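> The residues making up each chain are set out below.
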Amino acid sequence: MILYDYALSPDCYKIRLLAALTGAKLTLRAVDFHPGGEHRSPAFLAINPGGTIPVMQDGTLTLTDSAAILTFVAAKSGPAWLGDDSPEMRARVAQWLAFAQRLSASIGKARTHDMLQKPADIVACRKAGVQCLREIEAALVERHLTGDAFLAGNRPTLADIACFPHSMLAPDGGISVDPYPAIRLWTRSVRALPGFIEMPGIHRLHDLKPEPVGVPE
Amino acid sequence: MTDPIRDEWYPVALVSQLGPEGRDTRLLGEPVRVAWQDGAIIVTSGGHTLPSQQRYGHVWACPGTPARPLFDIPEADQPGRRLVDVGLVRVKCSPLRAVENFLDIAHFPFVHTDILGAEPHTEVGKYDVAIREEVDEVWATKVHFYQPQAAKSAAGGITTEYMYRVPAPTVSILYKTCPPRPGEWDVITLFVQPLDEELCEVWPWMALFDDDTPMTDLIHFQQTIFLQDRSILENQLPHRLPLDPGMEIPTRADLTSIAYRRWLKRRGYTYGAQLVAA
Amino acid sequence: MPDWTPVALLRDLPPLVVMPVTVDGVDLALWRSASGRIAAWADRCPHRGMRLSHGFVRGEALSCIYHGWSYAQSGQCQRIPAHPDLEPPEAIRVPVHHATEAGGVIWVALDTVTTAPPALAGVQPLRSVTLDARFDPASAGLTESGGAWRGTLGGVAVAVLVQPLPDNRCALHVLAESKASPTDLVAASRGIETLRRQAEGVSA
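Residue numbers (the working numbering), protein chains in the order written: chain E, 291 to 507; chain H, 55 to 332; chain C, 2 to 205.
Chain E with its partners taken away, still in its complex shape (with noise of 0.2 Å):
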C-alpha cells in the first residue's frame, strides 16, 4: 500500500494512525504540498486528478478519499476497526466517517489558513468548527450516559480515527478546544491506545511513561 503522504496534513494522519494501530505496512511517498505545491502538479494530477492528499495505490487500485483508504486499510489489516458488532455500531461508523469531511472543510481549512497562509474565509470555518465539536461533544457525552467510551460504541473503530485528528488540531486554527470535556478525555482514551503514533500539534500522553529516576550514563 503506497500512501501519498504530507506530514502536516492531519486527513494523511489518518491513514498513518490506524496503519500503525493494525500493524499495516505503509509506503510512505512525500508530497510537497506547502511550499511547493506537487498536488497541484501535472504528475501528480495524473495520479488524482482532484489534486488532494491522502491517495493510496495498491496495485491497480488507486483511492483518492480519506474515508475510502481507512476503510480499505481496515478491511485489509483490522477489520475490527470497521466496527460491525451491530447495525447500529456500523451505521455510527459510517455517520462519522461522513461527518469527518465536515472537519476537514472547516477546521481543517482553519487550520492550513492560520499555519501556511492558504485562502481561506477564516470566520466562517472558525464557526463551522465550533459546530462541529459542539456536535462531537454532545455524541459523546450521549455514548458515556449510556456506557459507550467511543464515538461508535464501547471500542475504538474508525468513527474516532476519522474524528480524532482534527479535534485535537483546531487550535492551529484558533478554535479553542478548552470547552469540550468529553473532546478532552475521548482523545486521551484514542492517545492511550497501543501503537499510537503522534502528530504535530498533537503530542503523546507523557504520563503513560514513569518518570525517569536516576541519571543515564
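Rather than coming from a laboratory, the hints here were simulated on the basis of the structure. Incorrect hints may have been included.
[Claimed, not checked] In silico DSS-like cross-links for lysine-lysine, where the CA-CA straight-line distance does not exceed 27 Å: (1) E:K417 with H:K146; (2) H:K196 with H:K206; (3) E:K408 with H:K180; (4) H:K206 with E:K315; (5) E:K499 with E:K417; (6) E:K499 with H:K206; (7) H:K180 with H:K196; (8) H:K319 with H:K196; (9) H:K319 with H:K180; (10) H:K319 with H:K206.
Here the structure is a predicted model, which means the values were calculated and not measured.
Here the structure of chain E is known, so what remains is to put chains H and C in place on it, guided by the hints.
Relative to chain E, chains H and C alone:
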C-alpha cells in the same frame, strides 16, 4: 536618526515560491508588497521602495536604512550542500520567542520526543556562550545532546554537537553534527519575519550534506520539528519576550537565552519584547 | 468577597488529567493526581511562561510540557530534567489556589474562604457546557434554591451552576435528579443544547 529595529534585514518571501502575482505581507506592522518588476524582485511599502536583496533562498528587505550588510553564512556557497527551502509557517507569538525557542535544547525530549530527544537523556551539560563583540553576534558552542534521530539521514541515536549563532535579532543559525560527513556541520536556520509584535512568519532554511534523502522528505522533517514547537510558542505568557529578569526563571541550560535577551536589550531591540515585569 | 466558583464536574477530571479553567478572569491549570488529589494552580510555568494546563501528570506531580519541570502538590518545583542532580531553588514555585470537591462538582477559590461550597444532594452529574453568551437563569425558567438554579430540561429535573467567563461567556455545570435513567439523561443533555441555542440566539 537610526532605529535599531527598522534598520535590520528581514525575510519577506521565498524566491522560488514568488509567483507573478507577488506577495502582500507585513513587516513591523506595516503593509509590504513583494513583486516582480522587469525580471527583478522589488519590495515596496507605503509607496516607497525598500532596500532589498536575494540571499539564502529568500527575499530580504529593510524598512529603514540598513545598519550593516546582511549577515554572512559562508556554508551557503560550499559545494556539495543541498539548500532546502522549507517554506513559511505563521505563528501567533512574538518573533523573539520564536528565535529563543530555536536556541533551546532542553525541550527536545518533551516536545520533539524520540526525534531530537528522549527521556531519560534530558541532561544539558555545560556549554560555552559569548557575545562576540567583533561581529556583534551571540554564539553558543560545545553544546552536546543525545538524540534518537538527529536528522533525516541519521539511522539511530547519537550524541549530537551543536553550535548556535544569532547574527540578527530575528535570525538564528544552528550548526550541528552531520551524520554522513564527519568533520562538517549541517546548517539549519530560522529566519523570522516580524509581522507584528505578537505575530510572525517563520522561514526555516537548511544547507545540508545529504545526497540520499529526497528533498520533500527533508522539508517534511523540518516542518514536523517546527510545527511541534508551534503549539508551545502560541501558549507562552506573556506573549512578548521578557527582557528584564524577574518575570521568568532561567537555569544553566538557558545560558544562550540569557545572552540573547541581554544582547537584544543592549542593542535596543525591543520589538516583540516586554521590558518591565508585569 | 472571595467565594467558591464551580469550574468542572468531578467526572470530567479523572486522575492524571489537567485542564484549563478561568476563575474571576484568572487562568488556572486544574489537575488531579494519581491518588485523586485536586489542585488549581496559576496556568503558567515560572521557567518560560508555558501554560501548565498543556502539561502532564505523573504520580502526585504536574509537569510542564515544554521542558518537563515538575511541581509537587505545594507548587514547589521538585525536578528540572535538564539538571537531574540539581535540587530546584525554593524560589521556583507555582502560585497555588484553593480547590475542593463537593457533590460531584469541583469548586475553586482564588483566596481563602471561610464557607464551604454548597453540596448538592439528590443529583448526579450530567455535563458542563460553555455558552458564547451571558446566561440569565431566570429568563430560562430556572429558580434559585439551595445554592443552584433549579428547573427541568428535557423533562428531567436539573440543578444548574453558572460559572462566569471573560468576554461575556459562561459555563454551565448541570446535574440531574438522581433517579433519572440514561434515557432521561440523554433527553436532558439535548435540553441543554436547546438552552444554549436560545441563550446564544438572544444575545446575537
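> Against this structure, judge whether each hint is valid.
Hints, one by one, checked against the model:
Between K417 of chain E and K146 of chain H, the direct Cα distance comes to roughly 20 Å. Compliance with the 27 Å bound is thereby established for this hinted pair. Of the pairs offered as hints, the one joining K196 of chain H and K206 of chain H holds, with about 22 Å between alpha carbons and a cut-off of 27 Å not exceeded. A threshold of 27 Å between alpha carbons decides the hint, and for K408 of chain E with K180 of chain H the separation of about 43 Å lies outside it, so the pair is violated. For the hint linking K206 of chain H to K315 of chain E, the alpha-carbon distance of about 20 Å falls within 27 Å, and the restraint holds.
The hinted pair formed by K499 of chain E and K417 of chain E fails the criterion: a straight-line CA distance of about 37 Å is larger than 27 Å. At most 27 Å may separate the alpha-carbon atoms for a hinted pair to count; K499 of chain E and K206 of chain H meet this at roughly 26 Å. Distance hint between K180 of chain H and K196 of chain H is fulfilled; the C-alpha atoms sit about 8 Å from each other, no more than 27 Å. For the proposed pair K319 of chain H and K196 of chain H, the alpha carbon gap of about 25 Å is at most 27 Å, so the pair holds.
Under the criterion of a C-alpha separation no larger than 27 Å, the hint pairing K319 of chain H with K180 of chain H is consistent with the structure, at around 25 Å. Taking the CA atoms of K319 of chain H and K206 of chain H, the gap is about 36 Å. The hint is violated against a cut of 27 Å.
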